[in-house]
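Participant: Start from the sequences and build out the full structure, keeping to the hints where you can.
Protein chains in written order, with my numbering: chain A, 18 to 353; chain B, 36 to 550.
Watch out, some of these pointers could steer you wrong.
Said to hold, decoys possible - Computed spacing ranges between beta-carbons, pair by pair:
id: 1; chain 1: A; residue 1: Tyr328; chain 2: B; residue 2: Asp424; range: 51 to 61 Å
id: 2; chain 1: B; residue 1: Ala63; chain 2: A; residue 2: Val58; range: 55 to 65 Å
id: 3; chain 1: A; residue 1: Gln330; chain 2: B; residue 2: Pro89; range: 39 to 49 Å
id: 4; chain 1: B; residue 1: Val125; chain 2: A; residue 2: Ser325; range: 42 to 52 Å
id: 5; chain 1: A; residue 1: Arg38; chain 2: B; residue 2: Gly218; range: 54 to 64 Å
Said to hold, decoys possible - Simulated coverage check for chain A against chain B, where a stretch passes if three residues somewhere in it have a Cβ under 8 Å from a Cβ of chain B:
id: 6; segment: 216-226
id: 7; segment: 236-248
Just so you know, the hints here were simulated from the structure itself, not pulled from any lab data. Note that beta-carbon positions come from the ideal geometry of N, C-alpha and C, so glycine has one too.
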Amino acid sequence: MTTSRTATVGPAVTPAARMPRVTAFLSRHREVLRLVLIVAVLWLVLSILSPRFFTVANLSNVLINAAPLALAAAGLTIVIIAGELDLSVGSIVALVSTASGLLMIATGVAWPIALVLGVCVGVLCGLLNGLIVALIGVPSFITTLAMMGAFRGIALVISDGKAVSGLPAGLTELASTRVFGLPVILVIPVIAIPVLGFLLSKTTFGLNVYAIGGNREAARIAGVPIARTRILVLLISGAMAGLGGAIMTARLGVGSPIIADSLAMDAIAAVVIGGTSLFGGVGRIGGTVMGVLLVASIQNGLVLLNVSAFYQQIVVGVVLVVAVAIDAVSKRRRNA
Amino acid sequence: MTLLRIRNATKSYNGVPVLKGVDLELEAGRLTGLIGENGAGKSTLIRILTGLTPLDGGEILVDGDPVAHWNAEAARAAGIAVIHQELQLVPELTVAQNMALGRPAPTRGMRRALGMRDDGAAASRATELLAQVGVTGLDARSRVAELSPTQAQLVLIARALRERSRILVMDEPTAALAANERGQLFALVRRLLERGTSVLLVSHHLHEVHELAHDVVALRNGVVSAHLTGDAITIPDMVRAMLNRELDSQFPERTPSPDGEVVLDAVVGHTRLPEQIPLQLRRGEILGVVGLLGAGKTELARALVGLDRSTGTVSVGGGAPFSPSPRAALAAGIVLVPEERKQQAVFGDLGVYENGVLSFVTDRASRAGLRRVLPHLSRIATQIRRVIDDVGVRFASFGQHAASLSGGNQQKLVLSRVLAASPAVLILDEPTRGVDVGSRRDIYEIVVAEARRGLGVIVCSSDEREVHGLAHRILVLQNGRVAHEIADPGAVADERLSILLNPTTATLDKEHVPS
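Facilitator: Given below as structure tokens:
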């Protein structure tokens, strides 16, 4: 008789009497829906404060700026649910950007192939993280902290610390191509993020992720492939950072070793605001997407309102603490 | 003298009433037993008593006076101390440091100015408190990790008494103790009662309640179903008060001893076992493994599925021998229901369904083939839901978090998980620890039914009567070795089994054991 919230009174409930679907859906996605509401209110407020906010041009700007963060944060969500951490995503973005830029300039590889190869570099970085964590047993926090330095260092070495410019025109055109006002390049997060959501909520791999993050020992006894799952989550995180790096390269028109230096922290913030527990075992991709939207909208809104970039950091920090505080308080109330 | 009284307590969670008007009186020098099935409301009543959960209705009177704002602070002021199911000590700290947690020994002068602690003073105060509860010969400077579970339990009680507690709430205090260690705890409880302390004992072990209690309050579905006093406290009456149905017998009818083919042939070792243990199990056989705490039951169980740094080989159904790992064991059909439900078995944040389907879809030998990549597919779901329903887990929806189920239901859910993987060998380690009488009987029935269907079952338990009531054959472990093998438990009284557990008495009685 532990926390007997339901305190099974009476006979077993028949399947027919179990919760109706809509109610079940609402209660299961309560946290994500709450964030949707918060973002909606924020958008409403920003639209009132600044007439420029709710325009196709501005919103598509918000989205394309947020795309690399959204990709990295989605990958990181899986990592954190599995009870791991990946601090190296920002450095992977920089390495991918630099590497694909150099491939285009120095070796003359066609730019689409260079971008794909760049993403593969991200996958390899993630795989390396995963192997060190799962096979050698170094905690992911330490491994990715070390790799954060190493990947960035490689990017600086191969580029000699300078941005790789003069990239093919096709690439920069890709970044500015719009359909109905929306950047075509957004097709990458629009496909990749739901795929991750599907992996997490519908596949055995996703179940294993929740299991090893929620109770590692029980997962081991239940026969969950622990090492393989840990390698895969870090590999996915590297791949998502790689995609983010590709988008950033296209958008900036240069391969740069110094970009995305605060990406890992921003991504962790978005994941946590999205309701994923840093202790592992709990979380959703949908929450992270809303977390990214919230952070990106706030930043955009503050720019439109001519608030200095320094204040933006303060605001995002406060939002993060408030989001986590709301979560902690509601959890305490539910357990009381 | 009534120290504390709860009058007409009501409490609901999310509209589900858990307590529907409960009265409880705690008197000085008397021990009240609180009994009830999982989900009857015992835990909620304790949470209310200790001020962790506010009351919806009703009132609490201390020394006859109603307390307006009852919370954890008020409960402490009223002299209530709680000993929980799980041991709540920090293993890496010493006994004295644990006892000083939250109440450091006072310091003076420079020490005080610098915020330094005084380990020496803490140690002497700890020794004093331990002496007060009659515990001597325990070094207050030893680390808690080095203590036996009983010693740790005694330390906890002594710590509770530093607050000058008048009311001691003990929630399953013997859950982590072996049978012969309970006596020491009970002796302490009796001394406390003589000093005028009031004790509320919550226990699934009715014989303990029978032995110690002056009063018994039985809860059923949130109401007091019986209040027994003195000689009226009998085990059959207590069982009747807890259950809606009466239990004719605690154990299902024993199946005839199987003489089918060998389903498990193993020789396994573990770092905490002195030597490898050979083991054979037939189809349909229930093998009991008993022993004192630390005798090696859990180590044997874990070694069979390759947990920890275990060694040796197993072969299932005459197949090729392999060195077990949890994955390989699962693929070969060996599954374990581990000892610690919360730490080792249940995924509290996952739903009932996800808890049930996990081993099925991670099993490489799963008949679901490629479909097991998608655990929510309806063809898998129908199968898993049937297993969960057949095992008799009670829950509101398949998405309900497993953490919100009662202990008995969590255990059944873990059973569903392993049975869904269609095992050939089922290993249960302490299958009924912290499980109420009703669920216990259900679990026994499932075990016997599975054995009848041809599974080989191994039951490791520190409850000898449970093993005695179920097993076709019993291994008695002492210090990590098989000390006795009892081929026909029906011919041995269960008291004899308790005696065999103890290495010293067992050698004297060896000649009486039929082999």
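Participant: Could you run down the list of hints and mark each one as holding or not?
Facilitator: Here's how the hints hold up against the structure:
no., hint, verdict
1, Tyr328/A with Asp424/B: 51 to 61 Å, "57 Å, holds"
2, Ala63/B with Val58/A: 55 to 65 Å, "58 Å, holds"
3, Gln330/A with Pro89/B: 39 to 49 Å, "40 Å, holds"
4, Val125/B with Ser325/A: 42 to 52 Å, "47 Å, holds"
5, Arg38/A with Gly218/B: 54 to 64 Å, "55 Å, holds"
6, 216-226, "holds (count 6)"
7, 236-248, "holds (count 7)"
Comparing the model with each earlier hint shows no violations; every hint is respected.
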